[in-house]
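Asker: Respectively, the protein sequence lines represent chains L and V. Here the first sequence stands for residues 7 to 218, where the numbers follow the numbering used here. Here the second sequence stands for residues 862 to 1092, where the numbers follow the numbering used here.
Hints listed in this document are in silico derivations from the structure and should not be mistaken for laboratory results. Keep in mind the model is a prediction, meaning the values are calculated, not measured. Cβ coordinates follow ideal geometry from the N, Cα and C atoms, glycine included. One or more of the hints may lead you astray.
Pairs of lysine to aspartate or glutamate residues, derived as DMTMM-like cross-links and limited to a Cα-Cα distance of at most 20 angstroms, are as follows [what the hints assert, rightly or not]:
1) V:949 x L:129
2) L:44 x V:1069
3) V:1042 x L:51
4) V:1064 x L:184
5) V:919 x L:184
6) V:1064 x L:39
7) V:1064 x L:51
8) V:919 x L:51
9) V:1064 x L:27
Some chain L residues near chain V, calculated using beta-carbon distances under 7 angstroms [as the list claims (entries may be wrong)]:
10) 45
11) 75
12) 139
13) 140
14) 178
15) 179
16) 182
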Amino acid sequence: MAASAAVTANYVLKPPPYPLDALEPHMSKQTLEFHWGKHHRAYVDNLKKQVLGSELEGKPLEHIIQNTYNNGDLLPPFNNAAQAWNHEFFWESMKPGGGGKPSGELLALLERDFTSYEKFYDEFNAAAATQFGAGWAWLAYADNKLKVVKTPNAVNPLVLGSFPLLTIDVWEHAYYLDFQNRRPDYIKTFMNNLVSCEAVSSRLEAAKAASS
Amino acid sequence: MAIRSVASRRTLSSLKESSSKLLGLRGIQTFTLPDLPYDYSALEPAISGEIMQIHHQKHHQTYVTNYNNALEQLDQAVNKGDASTVVKLHSAIKFNGGGHVNHSIFWKNLAPVNQGGGEPPKGALGGAIDTHFGSLEGLVKKMSAEGAALQGSGWVWLGLDKELKKLVVDTTANQDPLVTKGGSLVPLVGIDVWEHAYYLQYKNVRPDYLKNVWKVINWKYASEVYESECK
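One chain only, chain L, in its complex shape (with noise of 0.2 angstroms):
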């Protein structure tokens, strides 16, 4: 799901690219099921009425965020069209048999810009663990660099002119019933099983053709 492309002006509560078993044992069945079935669904059910009948019915998502992001005293349909954006964006960064070391030109990148894999891994685990409360950690692209940042709430990196690569969701209905308070565990789990480098590496390129 390139940066730009958002999604869709039907507001649709898009299935995991995977069947919700796939992740297994990493991210339970029973995660999915709470975490896309009642939360993510949620967030698109509650942010179609909230819209229904203003300026706002019909725009497309990122639209929404953009213009009830506010500089950051967020307007009211900003929780839930940004948390539907950041689900789908997280669902599609994960595959079954995912995780480690990426190849080629993002491999490249991460060397360029963070001196190695291990160091952008340990800085992404870094921002991860200390994101306080609820909120995400990114991978994004900036400035023609990439960078790692971490976001409160329902904020993502298009807020803040940046496109985004990878996340990882730190709220804890994100992990508690796989890993209870165990928050590094999970997010090692993560790094080290679930991410797919390929849908980091396409957007990479979506992104550095957006830029040029």
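Using the hints provided, position chain V relative to the given structure of chain L.
Answerer: For chain V alone, coordinates are given in the frame of chain L:
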């Protein structure tokens, strides 16, 4: 004989230290996890024993540990005159110190049904609630609605504004204590609406947690605090 008395002296001194450790040149006080005045399973079925154990032994303990670490680092930075480190530590102190403060209040805000949990407040606090909110039901409805609507992590509070002499309902984000919303606010009842407070039992249905938690709210403690602040 001699060995035994050395051992018991060490035990005594470590007992003293366990409640207030002295560290650093100026002896900063550090903190320990307070005990719960009830068993982990005593709040069932409103809050499961599994949640209570993890919430207390893992989440609250982590706030205590990290708060102590931040205080040690703060002490060193202050002693060295390292102003930028002192300022940098501010957020770790607020998060973790706030987490310790808030959870310490929370455990006292809860009680098993057979120890008065859920019994409506009487006396001065009961009267004040009726005055400000119409009825206890009115207060419960307001706090539950605000707790359910809170985005992300935080707390919903019943507080006393000491200056204005009135009860208020407010929310705080993350582990911000109630006093961050107003210097004259005293917390009477706080309800943790971080997902870790209810997820294993109620999953995404935070409103169900908020409906049930009132069955174990310890109004006796809230009344004591209210009456002592009103003197």
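Asker: Indicate, hint by hint, whether the structure satisfies it.
Answerer: The hints, checked one at a time:
no., hint, in the structure
1, V:949 x L:129, "holds, 18 angstroms"
2, L:44 x V:1069, "holds, 15 angstroms"
3, V:1042 x L:51, "violated, 32 angstroms"
4, V:1064 x L:184, "holds, 12 angstroms"
5, V:919 x L:184, "holds, 15 angstroms"
6, V:1064 x L:39, "holds, 11 angstroms"
7, V:1064 x L:51, "holds, 18 angstroms"
8, V:919 x L:51, "violated, 34 angstroms"
9, V:1064 x L:27, "holds, 18 angstroms"
10, 45, "holds, 5 angstroms"
11, 75, "violated, 14 angstroms"
12, 139, "holds, 4 angstroms"
13, 140, "holds, 4 angstroms"
14, 178, "holds, 4 angstroms"
15, 179, "holds, 5 angstroms"
16, 182, "holds, 5 angstroms"
The structure does not agree with the numbered hints 3, 8, 11 stated previously, though it agrees with the rest.
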